[in-house]
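Protein chains: 2
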Amino acid sequence: MSDVFQVKARCGAARRGKLHTAHGEVATPVFMPVGTLATVKGVPQETLEDLGAEIILANTYHLFLRPGTETIRKLGGLHRFMSWERAILTDSGGYQVFSLSDLRKVREEGVEFRSHLDGALHFLSPETATAAQIALGADVVMAFDECTEYPAQHEQARASMEMTARWAERCKRSFEEHRGEVPWRNVSGFKFQVSSEEAQAGNVKRETRNDSQLLFGIIQGGVYADLRRESAERTVKVGFPGYAIGGLSVGEPRTLTREMVEATLPHLPADQPRYLMGVGTPEEIVEYAALGVDMMDCVLPTRAARHGLLYTSEGKLAIKNARFAQDGGPLDPRCSCQVCARYSRAYLRHLYSSNETLAAVLNTMHNLAFYLDTMRQVRQSIELGRLEALLSEVRSHSLNSSARGRDPA
Amino acid sequence: MSDVFQVKARCGAARRGKLHTAHGEVATPVFMPVGTLATVKGVPQETLEDLGAEIILANTYHLFLRPGTETIRKLGGLHRFMSWERAILTDSGGYQVFSLSDLRKVREEGVEFRSHLDGALHFLSPETATAAQIALGADVVMAFDECTEYPAQHEQARASMEMTARWAERCKRSFEEHRGEVPWRNVSGFKFQVSSEEAQAGNVKRETRNDSQLLFGIIQGGVYADLRRESAERTVKVGFPGYAIGGLSVGEPRTLTREMVEATLPHLPADQPRYLMGVGTPEEIVEYAALGVDMMDCVLPTRAARHGLLYTSEGKLAIKNARFAQDGGPLDPRCSCQVCARYSRAYLRHLYSSNETLAAVLNTMHNLAFYLDTMRQVRQSIELGRLEALLSEVRSHSLNSSARGRDPA
Chain A
1 MSDVFQVKAR CGAARRGKLH TAHGEVATPV FMPVGTLATV KGVPQETLED
51 LGAEIILANT YHLFLRPGTE TIRKLGGLHR FMSWERAILT DSGGYQVFSL
101 SDLRKVREEG VEFRSHLDGA LHFLSPETAT AAQIALGADV VMAFDECTEY
151 PAQHEQARAS MEMTARWAER CKRSFEEHRG EVPWRNVSGF KFQVSSEEAQ
201 AGNVKRETRN DSQLLFGIIQ GGVYADLRRE SAERTVKVGF PGYAIGGLSV
251 GEPRTLTREM VEATLPHLPA DQPRYLMGVG TPEEIVEYAA LGVDMMDCVL
301 PTRAARHGLL YTSEGKLAIK NARFAQDGGP LDPRCSCQVC ARYSRAYLRH
351 LYSSNETLAA VLNTMHNLAF YLDTMRQVRQ SIELGRLEAL LSEVRSHSLN
401 SSARGRDPA
Chain B
1 MSDVFQVKAR CGAARRGKLH TAHGEVATPV FMPVGTLATV KGVPQETLED
51 LGAEIILANT YHLFLRPGTE TIRKLGGLHR FMSWERAILT DSGGYQVFSL
101 SDLRKVREEG VEFRSHLDGA LHFLSPETAT AAQIALGADV VMAFDECTEY
151 PAQHEQARAS MEMTARWAER CKRSFEEHRG EVPWRNVSGF KFQVSSEEAQ
201 AGNVKRETRN DSQLLFGIIQ GGVYADLRRE SAERTVKVGF PGYAIGGLSV
251 GEPRTLTREM VEATLPHLPA DQPRYLMGVG TPEEIVEYAA LGVDMMDCVL
301 PTRAARHGLL YTSEGKLAIK NARFAQDGGP LDPRCSCQVC ARYSRAYLRH
351 LYSSNETLAA VLNTMHNLAF YLDTMRQVRQ SIELGRLEAL LSEVRSHSLN
401 SSARGRDPA
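Residue numbers (the numbering used here), protein chains in the order written: chain A, 1 to 409; chain B, 1 to 409.
Hints may contain errors.
It does not matter which identical chain is used: a pair holds within one copy or between any two.
Claimed, not checked - Derived pair list, reagent style DSSO-like, types lysine-lysine, alpha-carbon separation capped at 30 Å:
# : residue 1 : residue 2
1 : Lys320    : Lys74
2 : Lys316    : Lys41
3 : Lys105    : Lys172
4 : Lys18     : Lys8
No lab work stands behind these hints, which were simulated from the structure alone.
One chain only, chain A, in its complex shape (with noise of 0.2 Å):
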């Protein structure tokens, strides 16, 4: 049994589980808000703290060019840096290097490449992209990957996938290295913050079995399953506390998508924590769960909040939609946010209209509030041995959307 991740749980191949960290526990399956530059966009700390938030993702890439890691480690690490005294997890860079960056070089060595902001040249590798996440103190450090594009030639995915487990290899030796010299251990005086929520609770100390970081492997292999299979055998022989299913969501169809995740799955070990990367609709993250995915992050819900399109129990809404005008009640009747709590339809589609500032803030809030209520309800009902009947709930809300589709990018 893992000291990092303990299944309490099981319906069908879905888990309830704990992984813990060295800033506390957190319940899965989970809905990881990202916070790309050490911010989730437009949400105070605080707030995220009020919607049950136990674990957010920050962007190594986003963060290693600005304020730089190093920065960031001299401030005493990415937690007290931003004040969020929860769980972290840094993605490695490796998606946003190919997918950001200008002119880059993928050799065996690393990735040369050029800064989407200013075009200075960097260098990103397993080893360098492992001190950057040391640096930033990153409760779960990802390996340094190579997301394979979309699409590709098996001959390449296998190359790039090889190279991928090869990387991982060079990850975890750096990391075993390195992983003292994390900024929160060697701060003096560093104590956790407690919440006035916990402090109220009684809880005054979050509970931290792990006093390390840790680090999980990525699974590639473009869309090939025999692929996807090899490569989960080489990242799980090399041997991590966790494991990620990387590389979808990539713009291949939604079909092509689960089907990896189902040819993926059984090939990770049963008693460790599972995340699926950069995964997705209110519908998806309930069904990825259901096939036994553990964690997940996705900018959806904060990204199309910035775009005025919110998730509700009936379905994703625009509130610009002129029908929202005269509409006084709240955004989502079922919905027990802050948001729904206060604030009309009309007063929502007057902000996003008027392209205010308060727009985003208030969208985000909610849909981060619907995501992570969401996960809350799917946890729930693994406990009670009920997740079919969420799932077929979930499946006819989504069927009643006006305004479904991917968000781009």
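Position chain B against the provided structure of chain A, taking the given hints into account.
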């Protein structure tokens, strides 16, 4: 003694008072955050409550164009529309018609103008501006005035002031005739919401000595002391429960602003509230309170915040400055606001430099906290008879400020 306003303490010319509105008491001298389009840009209403704001300002001109005052009336008025159950003051639209709109034609009847948004033709007059503010349901309604431009010849300033005086009579007549039509009087089941803070304090009902709107008159007269005096006398003769000094902070030198305020105040009733429109810096709001001004509003703290200019007990600072990049200390060590309690200068600089929405949110929260706290100190100093000491302190900090200067527009 006025039902609307009570002076509780004096210190020199300064007064510590209470303004009684239909949506609660307002402790004066007060600074009113500006919520142009029914939102103080970037800040949720629950945060404004936490900051202790007892009254905010909204702009009739902007709401008249978007979403329309009739829409807001149908939704139960501005308080319900924006979910703000404390006091609201609306300006009359006069200032914006003169500063923002195109192709305006000013006649005795009113002003025809084109929207700055889409060029559509609109008309505002003493009657329609009053009707708009009754539809909004503001607690304090401002008379429709002509904001005399600067510079203006004496003759031009006189003509403008005289029209404002004639318009004041029409506003009062129209207001008396229609004040019963305020939307929150007619909403069945309408209840004053009680904040959790108030509930804890056992103060479950806000004291409401007035259950109707208040109409304030506005003094004009450009930068001519004789016209200011005459405007005050004529406006007081019409008779209002409060008086504003308008037409200042429109580009004239600050010494002239102060001269005009000093020329006007002695001609306003000592037992009624005095509102200086569009002022000012942290130093100025203390100075004008010391002269006997009870209410002020200004976009400065909120607009400056969005430009990364932050007010602190040691002066103004530009957060983008490179010297803050490694500064793990709080923005203002003497400030007890939520932002200073939690976030570092380095983090705030990072957010601002990265153009993150959270920069505007947190910066605005801090600047408003600083202004509201400054006014809290003013009120306490008046009660203790120590306003001179506060003035000296504020003046010395102002000299230390590295980046002074008036916010443009």
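Taking the hints in turn, this is what the structure says about them:
Taking identical chains as interchangeable, the C-alpha atoms of Lys320 and Lys74 lie at most 30 Å apart only when they sit on different chains, with a minimum of 19 Å there against 44 Å within one chain. When the C-alpha separation of Lys316 and Lys41 is checked against a cutoff of 30 Å, the pair qualifies both within a copy, at 20 Å, and between copies, at 26 Å. Taking identical chains as interchangeable, the C-alpha atoms of Lys105 and Lys172 lie at most 30 Å apart only when both belong to the same chain, with a minimum of 23 Å there against 74 Å between chains. Taking the shortest Cα distances, Lys18 and Lys8 sit within 30 Å of each other inside one copy (7 Å), while across copies they are farther apart (59 Å).
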